[in-house]
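Enquirer: Throw the hints in and build the complete structure from the sequences for me.
Residue numbers (our numbering), protein chains in the order written: chain A, 62 to 604; chain B, -1 to 360.
Careful: at least some of the hints might be erroneous.
Stated by the list, open to error - Each pair of labels, with its calculated beta carbon distance range:
1. B:Leu136 / A:Tyr310: 45 to 53 Å
2. A:Gly139 / B:Glu115: 40 to 48 Å
3. B:Leu198 / A:Leu586: 53 to 61 Å
What the hints assert, rightly or not - Partner residues are not named here, just some residues of chain B that face chain A (Cβ under 7 Å, in silico):
4. Val144
5. Leu148
6. Ser152
7. Ile161
8. Met162
9. Ile291
10. Ala333
11. Leu334
12. Gly335
13. Leu343
14. Leu344
As the list claims (entries may be wrong) - Partial pick of chain A residues on the chain B-facing surface, computed with a CB cut under 8 Å:
15. Val292
16. Ala294
17. Phe318
18. Leu399
19. Tyr400
20. Gln418
21. Ile567
22. Pro569
23. Trp570
24. Val574
25. Leu595
Read the hints as simulated data drawn from the structure, not as lab findings. The structure presented is a predicted model; accordingly, all values stated were derived computationally and were not measured. Glycine residues also receive a C-beta, built at the ideal position from the N, C-alpha and C atoms.
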Amino acid sequence: MHIFLRVLHFKLFIPALLLTLFFSQSAFCLQTEKETQFTEGIGHLLHGNFKEKALATKQVADSGDSRAKSILQAMLEGKLYRVKKDDTLVYAEIKSAQAKISSALTGEQLGFVKKRKLKKITINNKLRSSLKASLARIDLASPSSTTRLQAVNKLIKNLTPRDSLLLAELLQKETDNKVRKALATATAIAKLKTDDTTQILAAISDLSGNLNPAVRNELMTLLGKSKDDAVRAKAESALASIASSISFYGFIEKLFFGLSLGSVLVLAAIGLAITFGVIGVINMAHGELIMLGAYTTYVIQQLLPNSIGIALILSIPAAFIVSGVTGIIIERSVIRFLYGRPLETLLATFGISLILQQTVRSIFSPLNRSVATPSWMSGSIQINPILSLTTNRITILIFSMLVFAGLYLLLRKSSIGLQVRAVSQNRAMARAMGVKAARVDALTFGLGSGIAGIAGVALAQLTNVGPNLGQAYIIDSFMVVVFGGVGNLWGTLIGGLTLGVANKFIEPWAGAVLAKILILVFIILFIQKRPQGLFPQKGRAAE
Amino acid sequence: MTIIKLLSKDTGSNITLGLLALVTILVPACNLLLPETSIFHVSSYTMALLGKYLCYALLAISVDLIWGYMGILSLGHGAFFALGGYAMGMYLMRQIGSRGVYGNPLLPDFMVFLNWEQLPWFWHGFQWFWFAMLMVVLIPALLALVFGWLAFRSRVTGVYLSIMTQALTYALLLAFFRNEMGFGGNNGLTDFKDILGFSLQSDATRAGLFIASGLALGLGYLSCLYITRSRLGKVCTAIRDQEDRTRFIGYRVENVKLWIFTFSAILAGIAGALYVPQVGIINPNEFSPLGSIEIVIWVAVGGRATLYGAVAGALMVNYSKSYLTAAMPDAWLFALGALFVLVTLLLPRGVTGLLRKKEHVI
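Expert: What follows is the structure, encoded as structure tokens:
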């Protein structure tokens, strides 16, 4: 029994052994084949002319050897040398006449040699582009899908007709959706470069509507060199469809930038609209209250350097309180003595703005500070190759809408809101009904100032924080309020968004500065036609 | 005759004009005639500084005329000042001729630097002094006329108008910063050599400019005094105090406002034109909203609705500015800010208001 088992064991063992031997043999064969390809490639790199080197880089790249990537990378960067004496391939870091070298094949540190003992592995432009393609091909085999995607995108710029087979093969194996899409584009572009008309036509229909910039370039070159009418017609229609979607997405992008700028303007102006609308006070220090909010964000971030996200969220209430309390102090100490004298209020608050600016300059220095953006707010959402929306702008857009909604509800639904509206419409009557007008004034001013502080938190995410931050926004905020109409939150919202969008649409053909000037001139003219703004107050509230 | 009538019973104006005449004669005389060792010698630097103050005083009068007497708070009067200055600057630029760094006989240096081939159309004519002087008056007047016509006709008043004037000067600031505008962009116009053939570096020319500033201030003062004492001036005050009622009585409020506003802009333009050769540079910063609002504070400090108050305010604030920005640079903005707050809160009639007997409250 025992012997039998042993025999059986032995009998089974032999084929297994043979099988293993066979497989390892074949694997070994494959291994050696790759190995020879690699060494052969290296040999050509050392001594070949440019043409041979080009072939050699492909050999090295396709060998699948783990050393291939770093060798080719070093070659591209001009750090690959050979030692004249014994033809060792080395990486070298040249420091004046000395060079620190390490072997490219074994990674062994070889210490310092004299520079003239080395010979650089030179490359030319053609070789450089083929090197880049080879490197991309190595990355295509990488296990990480982002590396693969980057590799495909790199490769797209540098395709040859022969690549279509390789790409098709990769496409079959590929599982990641984004990479598949990019690979399909790349395959189609590779097909475009063949001489086969049917293939080209098929490729053009595949590429129609594709927004990758490389596609457009390739179709343009095709249009330039192809003699076939059918191909030309099809390429033209594909280009037209691409152009129309590019202009469509360009429009969307401008709209987004405009809304983003508009939302910032709304945030900056809405506090002003409240104080101006309710108390009839022009607060020239409004910009500085925004600045205080921005500095609050900065300070809280300095206090909590390791949790930027929490610091940002904390700075919203903190900025509201800092700016709001400052506002109430300003109202109680200066503005309340000047009610009914709007021009004097304007001058006094301007004086306050100078003092606040200089205070901040003395405390924090006149230099700009930058506030870090938390990770969930940085980066962008890539809609397609030509349209990407930055996350921080989207966040601020949403944030400003939330602030607007909150303020709107506060003024419409709460009892303090009712009092504020009553005082703004008819102060004497409101007081007769028992509303403490002075208290409402102070609270309203505090509220408007607090909102300015919140605007500062948002602005700190977009620009640098400096003592002049407020000045940059004050005139724009005035324009929004004047344009939208005083005492009307909707007016501020529509006014701000309109001005933002208009600015971004004028900018491409007029330039940023001229766009701003045109907007200012437009508002100066607009206010002549409608002195009360877009949404004038109606009824008895109007003068 | 009229002058005597104007000045009778107006102690403030008498003192101001008397002092002005004295300064206009004495300062250049002490600068030119006395040796440098004499204790009464006025250095060229001091004379240039005082000349600058005289221009500021004229500017302050122009603001006082519309704010103090008519209730229009212009936060953009610096724009008219700067436009007058630019017109003068353009004349001075053309006078440089081939003495510029690049030696181009026609194009100013900054145009050569920007590779411009020819002179822009709006630079033609500025080689003549009379043309430039005409523009010093016409350009601010035209801007004021157009802006005022648009604004006053549609009854834009109060803070709205203030904000609009501020937007106006801000728009001009941005525009003049652009190189494409053809006014030297960021750097403005500078490196002037001579005016009417006289070197700007020589003391005699500087003294001449100083006297011209003194005369301009004196004439501006008298004409404003004349206006405010005339029937037109009474209408202005009426508009300031009760605009609607004045309109209902039958006065064309918008016309009165428009002409006074334009006249005020002309005064500001002349002040700018005299300022530029004495300072030696004009750049877009003169358009800055802060600069314009500072003018208003000169008037407020001195005491508005009195012309001598405007002059006194301009001199006092600017002297403290010159002193503080040199001695304690950080303190200047604190002081200016405090000045704004304190004057509006505690001294609505300004410093000169302390010296006057109780009149009607403004």
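Enquirer: Report the numbers of all earlier hints that the structure fails to satisfy, in ascending order.
Expert: Numbers 3, 4, 10, 14, 15, 16, 17, 19, 21, 22, 23, 25 - these are the hints that the structure violates, sorted from lowest upward.
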